[in-house]
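Starting from the known structure of chain S, arrange chain X on it as the hints suggest.
These protein sequences, in sequence, are chains S and X.
First residue of the first sequence: 5, per our numbering; consecutive thereafter.
First residue of the second sequence: 17, per our numbering; consecutive thereafter.
In case anyone wonders, no lab produced these hints; they're calculated from the structure.
A portion of the hints provided could be inaccurate.
[Unchecked claim] Okay, derived cross-link-like pairs now, DSS-like style, lysine-lysine, Cα gap no bigger than 30 Å in a straight line:
no., chain 1, residue 1, chain 2, residue 2
1, X, 163, X, 215
2, S, 18, X, 215
3, S, 18, X, 289
4, X, 177, X, 163
5, S, 226, S, 153
6, X, 177, X, 162
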Amino acid sequence: MNIIIVDDSRLARKELCGLLAEHPHYTIIGEAGDVQSALALLNELQPELLLLDIHLPDGSGFDLLEQSDHTPKVIFTTAYEQHALRAFEVNALDYLLKPITQERLTIALEKIAPSEAKLHVKTETTHAPNQASPEHVFIREGERCHFVKFRDISRIAVEGNYVRVFFHNQSALLPRSLNYVEARLDPNLFFRANRQDIINLHFIDRLEPWIGDGLMIVMQDKTEVISSRRQARELKQRMEF
Amino acid sequence: MNQGHFTYYSRQYLLAQGFFWGSYLLLNIIFAVLWDSFSGAAIGIFVTLSFMLLYTSHQLRALYLRDQPQLTFLHTCLHLGWLIPLAALAIQIVLHLLIYAVVALAPEHSAGIHPFSISSFVLYTFNTAFMLALWSMLYLLRSEFKKRRETEIAHWRDQAKLREIELQFLRSQINSHFLFNSLNNLRSLILEDPQAARKGLADLATLLRGLLQAEAHTTVPLREELDWVRGYLALEALQFEQRLQYEFVIDDSLLDAKVPPLLVQTLVENAIKHGIAGRRTGGLVSLRAQRLNNSEWQLEVENPAAELPALHQGNGIGIANARERLAIAFGERATLELQLGENVIARVCMPF
Numbered sequence: 005m006n007i008i009i010v011d012d013s014r015l016a017r018k019e020l021c022g023l024l025a026e027h028p029h030y031t032i033i034g035e036a037g038d039v040q041s042a043l044a045l046l047n048e049l050q051p052e053l054l055l056l057d058i059h060l061p062d063g064s065g066f067d068l069l070e071q072s073d074h075t076p077k078v079i080f081t082t083a084y085e086q087h088a089l090r091a092f093e094v095n096a097l098d099y100l101l102k103p104i105t106q107e108r109l110t111i112a113l114e115k116i117a118p119s120e121a122k123l124h125v126k127t128e129t130t131h132a133p134n135q136a137s138p139e140h141v142f143i144r145e146g147e148r149c150h151f152v153k154f155r156d157i158s159r160i161a162v163e164g165n166y167v168r169v170f171f172h173n174q175s176a177l178l179p180r181s182l183n184y185v186e187a188r189l190d191p192n193l194f195f196r197a198n199r200q201d202i203i204n205l206h207f208i209d210r211l212e213p214w215i216g217d218g219l220m221i222v223m224q225d226k227t228e229v230i231s232s233r234r235q236a237r238e239l240k241q242r243m244e245f
Numbered sequence: 017m018n019q020g021h022f023t024y025y026s027r028q029y030l031l032a033q034g035f036f037w038g039s040y041l042l043l044n045i046i047f048a049v050l051w052d053s054f055s056g057a058a059i060g061i062f063v064t065l066s067f068m069l070l071y072t073s074h075q076l077r078a079l080y081l082r083d084q085p086q087l088t089f090l091h092t093c094l095h096l097g098w099l100i101p102l103a104a105l106a107i108q109i110v111l112h113l114l115i116y117a118v119v120a121l122a123p124e125h126s127a128g129i130h131p132f133s134i135s136s137f138v139l140y141t142f143n144t145a146f147m148l149a150l151w152s153m154l155y156l157l158r159s160e161f162k163k164r165r166e167t168e169i170a171h172w173r174d175q176a177k178l179r180e181i182e183l184q185f186l187r188s189q190i191n192s193h194f195l196f197n198s199l200n201n202l203r204s205l206i207l208e209d210p211q212a213a214r215k216g217l218a219d220l221a222t223l224l225r226g227l228l229q230a231e232a233h234t235t236v237p238l239r240e241e242l243d244w245v246r247g248y249l250a251l252e253a254l255q256f257e258q259r260l261q262y263e264f265v266i267d268d269s270l271l272d273a274k275v276p277p278l279l280v281q282t283l284v285e286n287a288i289k290h291g292i293a294g295r296r297t298g299g300l301v302s303l304r305a306q307r308l309n310n311s312e313w314q315l316e317v318e319n320p321a322a323e324l325p326a327l328h329q330g331n332g333i334g335i336a337n338a339r340e341r342l343a344i345a346f347g348e349r350a351t352l353e354l355q356l357g358e359n360v361i362a363r364v365c366m367p368f
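Just chain S, with the same shape it has in the complex:
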């Protein structure tokens, strides 16, 4: 698993490298000391795991996640700001308190990728993704922070210049355009129903005919999304398949 370490202290980064040397399945592919360089590294190398300090010279770890196009799995490392992590839902993420013990690191890595160890034990033929396709997106709204798994997103709708993401019976605003989000979603799972909405095919309850050969898509949460003729045709084809 490819890892990037972000911490403004070189010694702290070195410490983490030393600890990770004991875990042969993890490869450190980059290090950064501030948000700007971490951002470039993250988008270029697209790691699977990020070890992230909260205090950085030009922002916070949260700023980095918010600005990044690529959201890997994250383990926060912190000296004393556990309170900053209260913004997250329970069990949404893991954090390590510095100085970090090998035992604690092992547990956190196990939690992040329980299959990782087995995967390598089993066989080399198992296709391990060399370029990680991110499974979740980081959303910060006010004081609340979420790591939302793509498969848990039921719908994404335009709201002003941004989009609102619906998941787990709640929603949050993401400061991105719908086109930006669409380009990063799995086209097998998500469908652009119209100019306003992207829907998750797994969350469709039923389809009803609509005027002008269009379709009314009723989602499981009873939301109704209208699809135009052209989009409706595409959807029908995909659903038949």
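Okay, now just chain X, sitting in the frame of chain S:
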């Protein structure tokens, strides 16, 4: 319920009781003299009446103190509405019985005593009820007022305490953050450069000793404070490395001057936290101490401002805390000002 509560009289209460019923007695006597009905028997009656009223009002107070926790002010007043007339009636009956006894048993002392009439009995009862009502009103107002003031004082005391706890909490947060980062850096340094790690541990020990001792003194010699600051900076340099440079420009004759413990450390910590830490390229922290005149000297800590000052803005707790410690040590003779700009300067003037 606890008995001591009821039998407790404050000096103030006793004086007020004496004054109130004493005045009533005096007024009765004055009116008697004015209406020419003054006699030994009259004085006897007035004194007896005053003592009975004193006793009754005292019992009313006991009742009030007993029931006050359960009753609202309005409820108390409603209860007094039937208690006072009843008490007045009882007092007058006892008084009239006494007078009757005196007239019957010692007719020689009964000169000037009018024969019993129902109208005067009713009038006397009204008078007594009025006096008891007046007394109750004054007493209740006084006790309500006191209760409210006590609640208010308690409220402000709680607020002040809360603020103090908040201050301490924030202070400990800052130090803990630094402490654990230092431990982490030292842990890494042990493998990289054992000698430097040993020195770092000694610095940390010096600093911790300073932190622990700081509570015990209002001032320490600048020399000692600067030792702590050097240790502190050496540890922060492990975190920031080439991003943190620092210089000391100190007038040697000031090394024995007194400063509140950890004052300089607080200012340097602020310079790093709100300045250097917020700059990718880091910067220089300058510490200067110079003589101003024969009675004052000045200490300055200068640092470049953060790249995004809004992001690294403090909450002013560090500065407020430093000002407080200066005030404890020197009163109004010391000042601390903060000069903002591209370079931030914290300037402290202190007396010798």
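Going through the hints against the structure:
no., hint, verdict
1, X:163 / X:215, "violated, 60 Å"
2, S:18 / X:215, "holds, 19 Å"
3, S:18 / X:289, "holds, 23 Å"
4, X:177 / X:163, "holds, 21 Å"
5, S:226 / S:153, "holds, 21 Å"
6, X:177 / X:162, "holds, 22 Å"
Violated hints amount to a single one, hint 1; each of the other numbered hints is respected by the structure.
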